[in-house]
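Residue numbers (my numbering), protein chains in the order written: chain A, 311 to 512; chain B, 311 to 512.
Note that these hints are calculated values from the structure, not bench results.
In this text the structure is predicted, and so the values were computed from the model without any measurement.
Check before you lean on any hint, since a few could be wrong.
Just so you know, same-sequence chains aren't split out, so a pair can sit in one copy or run between any two.
As the list claims (entries may be wrong) - Capping the alpha-carbon separation at 30 Å, the derived lysine-lysine pairs in BS3-like fashion look like this:
(1) 339 with 445
(2) 353 with 445
(3) 391 with 401
(4) 475 with 386
(5) 358 with 451
(6) 450 with 358
(7) 483 with 400
(8) 339 with 358
(9) 386 with 401
(10) 418 with 400
Protein chains: 2
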Amino acid sequence: MCGAMYREDGQQLNEEEYIESFPLGFQFKPTDEELVQSYLMRKIKNLKLPCNRIREVDLYKFPTPQSLVEKYALIKNRESKWYFFSPRIKKYLNGDRPNRITPGGYWKLTGRDAPVCSRGQTIGKKRTLCFYEGKPTSAKKTNWIMHEFRINEQGHTTSYDDSMKLDDWVLCKVFERNIGSNATTQRDTTEVCNDANQQSLE
Amino acid sequence: MCGAMYREDGQQLNEEEYIESFPLGFQFKPTDEELVQSYLMRKIKNLKLPCNRIREVDLYKFPTPQSLVEKYALIKNRESKWYFFSPRIKKYLNGDRPNRITPGGYWKLTGRDAPVCSRGQTIGKKRTLCFYEGKPTSAKKTNWIMHEFRINEQGHTTSYDDSMKLDDWVLCKVFERNIGSNATTQRDTTEVCNDANQQSLE
Numbered sequence: 311m312c313g314a315m316y317r318e319d320g321q322q323l324n325e326e327e328y329i330e331s332f333p334l335g336f337q338f339k340p341t342d343e344e345l346v347q348s349y350l351m352r353k354i355k356n357l358k359l360p361c362n363r364i365r366e367v368d369l370y371k372f373p374t375p376q377s378l379v380e381k382y383a384l385i386k387n388r389e390s391k392w393y394f395f396s397p398r399i400k401k402y403l404n405g406d407r408p409n410r411i412t413p414g415g416y417w418k419l420t421g422r423d424a425p426v427c428s429r430g431q432t433i434g435k436k437r438t439l440c441f442y443e444g445k446p447t448s449a450k451k452t453n454w455i456m457h458e459f460r461i462n463e464q465g466h467t468t469s470y471d472d473s474m475k476l477d478d479w480v481l482c483k484v485f486e487r488n489i490g491s492n493a494t495t496q497r498d499t500t501e502v503c504n505d506a507n508q509q510s511l512e
Numbered sequence: 311m312c313g314a315m316y317r318e319d320g321q322q323l324n325e326e327e328y329i330e331s332f333p334l335g336f337q338f339k340p341t342d343e344e345l346v347q348s349y350l351m352r353k354i355k356n357l358k359l360p361c362n363r364i365r366e367v368d369l370y371k372f373p374t375p376q377s378l379v380e381k382y383a384l385i386k387n388r389e390s391k392w393y394f395f396s397p398r399i400k401k402y403l404n405g406d407r408p409n410r411i412t413p414g415g416y417w418k419l420t421g422r423d424a425p426v427c428s429r430g431q432t433i434g435k436k437r438t439l440c441f442y443e444g445k446p447t448s449a450k451k452t453n454w455i456m457h458e459f460r461i462n463e464q465g466h467t468t469s470y471d472d473s474m475k476l477d478d479w480v481l482c483k484v485f486e487r488n489i490g491s492n493a494t495t496q497r498d499t500t501e502v503c504n505d506a507n508q509q510s511l512e
């Protein structure tokens with residue numbers, strides 16, 4: 311239960327009510343450091359986690375990101391991305407490349423490992439992937455993006471050498487890239503309002 | 311008072327306690343649309359505002375952004391920028407250029423007006439400014455940025471023709487640009503952790 315908050319009549323709020331009760335403008339936007347340090351590391355060590363909206367799934371069993379996210383409604387104006395804990399399996403028995411294939415397509419790496427830092431130390435790694443829908447020979451690139459976080463422990467997989475399991479858990483941030491607007495520049499490129507640039511940028 | 315929330319013992323939380331009680335990862339990050347629609351428009355119409363952390367100041371009376379923000383502590387891990395309502399005065403009696411000079415420097419426009427959209431309509435405008443410290447002939451550019459929001463009402467200033475007042479209120483988002491890391495690309499450019507890239511990017 312996220313936070314023991316009560317209304318004036320003594321009624322305890324459920325998780326959605328509690329989060330919806332936050333003032334306008336408060337959104338769930340954890341930093342990479344928070345995701346690795348406060349969530350992923352604790353998950354792997356089987357410790358109690360802070361209140362969170364991170365779901366346990368077997369991510370690569372879902373054909374597409376849409377089939378994954380439609381099970382988990384976001385709380386309007388509070389959340390804009392989905393967060394999941396998922397195990398990973400190996401692509402091949404001998405080796406440590408993760409499987410990226412799903413029943414409906416595959417997740418393709420689009421960047422290099424980036425370190426996740428805390429107090430000048432590397433505590434984890436972050437990779438960016440993009441979902442391609444369809445068979446490998448004719449797959450179409452989609453706007454679905456995943457940021458995959460794993461912890462920075464060497465030798466973490468030794469105990470799984472005889473199985474196909476690669477990790478107990480990685481943390482996956484999944485979202486659909488905003489089409490038609492450049493969310494990453496301070497200079498706005500749009501001059502008029504229309505449906506394509508509905509989402510105000512933060 | 312932001313939200314009537316109570317602990318189990320019946321004690322009401324003050325504003326800081328209430329906000330600090332939110333789960334890890336929840337931050338005050340209102341969208342541009344929220345800022346204009348739910349805050350600025352209502353402020354101008356003298357209507358009650360949702361719970362917020364937007365301070366009323368006379369922004370151009372403060373010599374520098376530092377002198378402004380040091381009065382208003384941010385709540386750690388919840389807020390990363392300062393928000394202010396401020397009136398604006400004209401640069402010249404005849405005309406509608408705003409004064410951008412402060413006792414310690416000036417705010418300089420760095421981009422064009424961008425529309426703030428809601429449901430396909432323009433509800434306001436957003437401008438970006440950068441603070442330069444010192445006298446105009448020898449001023450040094452700083453890393454302080456302001457996003458200035460105003461509403462999209464023509465003829466709004468007619469009632470002020472005989473005075474130096476330009477607006478009742480604009481909404482200003484003030485922050486220091488993150489030095490040494492590119493917060494705007496999906497590809498992380500850093501490969502090692504050190505003090506310069508402490509802040510995990512969201």
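Now for the hints, and whether the structure bears them out:
no. : hint         : in the structure
1   : 339 with 445 : neither (34 Å within a copy, 39 Å between copies)
2   : 353 with 445 : neither (34 Å within a copy, 54 Å between copies)
3   : 391 with 401 : within (27 Å within a copy, 44 Å between copies)
4   : 475 with 386 : neither (36 Å within a copy, 38 Å between copies)
5   : 358 with 451 : neither (38 Å within a copy, 47 Å between copies)
6   : 450 with 358 : neither (40 Å within a copy, 49 Å between copies)
7   : 483 with 400 : within (20 Å within a copy, 47 Å between copies)
8   : 339 with 358 : both (20 Å within a copy, 27 Å between copies)
9   : 386 with 401 : neither (37 Å within a copy, 42 Å between copies)
10  : 418 with 400 : within (15 Å within a copy, 54 Å between copies)
The structure is inconsistent with the numbered hints 1, 2, 4, 5, 6 and 9, although it conforms to all the rest.
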